[in-house]
Every structure is written in C-alpha cells, then in structure tokens.
Amino acid sequence: MRAALRADSMRGEAAPPGQLHAAFPWPVAFFAAVCLLLVAVVYLCASLARAIAPAAGADPSAPFEHGPLARAAAAEHSVSDITGVEVPLEVASDAALADAILGALARHPERASVAVVNLDDGRWAAYDADRVQYAASTFKLAVLYEVERRVSAGELTYDDRVLLDEEAVGEDLGTLERVPVAEDGTVSVGEALDAMVTLSDNATAVALLRHVGPSAVDETLRAIGLTTMSVNTKELPATAADLALLMRAIVTGEGVGDAQREHMRDLLLGQTIRSGIPAALVAESRTGLAVGNKTGTWPDITNDVAFVESDAGTYVIAVTAEGDWNWALVSDVSRAVYDTMTAR
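Quick note: the sequence shown uses the numbering used here, first residue 1330, plus one each step.
Do not rely on the hints blindly, as some may be mistaken.
Below, in silico cross-link-like pairs of lysine to aspartate or glutamate (DMTMM-like), each with a Cα-Cα straight-line distance of 20 Å or less [stated by the list, open to error]: (1) Lys1563 to Glu1495; (2) Lys1563 to Glu1496; (3) Lys1563 to Asp1501; (4) Lys1563 to Asp1629.
Since the hints were made in silico from the structure, they are not lab data.
Generate the whole structure from the sequences, applying the supplied hints.
This is the structure we're talking about:
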C-alpha cells in the first residue's frame, strides 16, 4: 500500500504544475484520499482476520496434522488405514473421548499432548498430538521394535552378545549394577532388551542402538508411518502421535512374528515405572485388565506410552507432558480415557 501511494505521489509530481488541482479542487482530492485510505485499512484488517482466525480457533483435539491418522480423517479414507478394521469415520473421531481428554487436561496448568487409538473399533482422539517434545527414555521403544524386527527376520538372536563399551557404560544412571554383564563386558541381546525396557537402563539401550544403527531404526520408524520421531539425533524428537503409532505396531506385531510380539508385550508388562498410565488403573478389577507401558522423564518432561487390554478391548495411549515427574496429569488422562473406552 505504501508503495502504491508513493507511486501515485511520483506520478502527481510528474504532472505539469496546477494540472492536478485543475482537475480536482484540493478539498475534493483530500476527501477522496481519506476515503481510499479508509478502504485500504478495512481491507487490510479483514485480510488479517481471515489469516489469524483459523490459528486462533484451531481445535487441538482435531485429527493429527500429519501421518496415518490425518489420512484416516480425510473423506476418501476409512479407519482401516490405521487399525486394519473398517469403521465409519464418525466413530473414528470420538467426541466423548475428546471431551474426556479435555476435561482431564483442564485440571492441570502444564502443557500436554495426548493420542489414543482403540485397536478394536478404531475410535481415536488426539490433543496437540503433533507437538514435538524430547522423547527421553521412550526412544527405547524404537530400539526395542527394531531389535525384535531383526530377530523375527533371522538377522539377530536373543543369545547374540553386545558390548557395553565405555561410552555405553558412561550413560548409566544406577541401573547397570542389576544387569548381568559378563567379564568381557558383554550382555546377550535378550538380557539387554530386558534391562532396557523393565529397568529403563541406559547403558544397554545405547549398546543396542549402536548395534543396530540409529539410521536403520529411523528407517523402520518411517516405514510404519511415524513422521517425526528420530533416534539419529541428540535432540531425540517425538510426538504423542508417533508414540501411539509405535505402540500400536508393537502391540499388533506389525512386521514381526508372534513370538517377538509376545516378547515385547511381556517386557512392557514387566516395566517397573508404573506411576503414570498404569497407576490410574491399579484398583480396577475388570476381567483381563493388563497395562504395559514405557516412560520417559527428563527435567520438565514427563512422557508415558502404553497399551491397555481388558474384556472391553485394547487401546494404545501416549501422553507427553511438561513438568517434572508430572504423573498426576498423566494418570488423570489415563483414567478419563479408560472410563470412556470401557463405558460401551
């Protein structure tokens, strides 16, 4: 607009003296200029309002912006894209589930992201699920899945040995003393998996990650539909959406044999940090209730991702929250989701 006014001014200066005034007496010209300026201001405000309104009014519980869940929400797709079960789209985006999540989050001031997918009927809901947060120890799920995939393919066995070198041992936070390390500094793949998942041991996680290769893990993550999570950078980015999809792949045994699927399930059921998603359900006596999870904590970060099985079905849930050991928020979300999932 300023450029246009400047151009008009230059054209006026180029006109012979008195020509503009002869055509438009100065009061008329002034009035016309003011009107044009007002029209320009109104147009600019309207344009800004249109640009800002979608962002300000965006519903964070809307479908994930990227990945399989976003494609499932598109008109030409069904929920079979993510669950393998044909379900109408109006069931896939579940209003009651979204309301339950929002209600739980409203009780806490910290920012959080949530992703939930029911593996039986395809219901799902998400809140800010594409927000990137440091994965912390939830990255170990990606390592677990890649190792089990290779065992299933015959490329590794649980008896193979991996070396805990100086770099790996340097990552220990006090759990390595509970790992059966041989005199030569090695542990079996099976022992390393057990320690990495159930104790959240860092040394075995680093050793396994180096053994299979970070870039290979990332390649596998992309192959199963994750768009952001990476173990090939020190930032260890993850989203609730990606963590839920990774847990879904683990629980359903995508790309692995039945034995490896059961092995992963057993390890997650034996995970010893149970203050978040499992804690909300500890008093439940529902038939067949089982909760397997993996946590990840860091200063101002609390992550938990789990599968929940019962006679009402199976669902996966991922919560990434701000705050130190913010188990109260995670547990509240877990309870709200469980009550909604089992209400039918």
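How the hints compare with the structure:
1. A hinted pair counts as satisfied when its Cα atoms are at most 20 Å apart, and Lys1563 with Glu1495 qualifies at roughly 18 Å.
2. For the hint pairing Lys1563 with Glu1496, the CA-to-CA distance comes to about 14 Å; that is within 20 Å, so the pair holds.
3. Of the pairs offered as hints, the one joining Lys1563 and Asp1501 holds, with about 17 Å between alpha carbons and a cut-off of 20 Å not exceeded.
4. Among the hinted pairs, Lys1563 with Asp1629 is consistent with the structure: their alpha-carbon atoms are about 17 Å apart, no more than 20 Å.
This entry satisfies every hint, going by the numbered hints stated previously.
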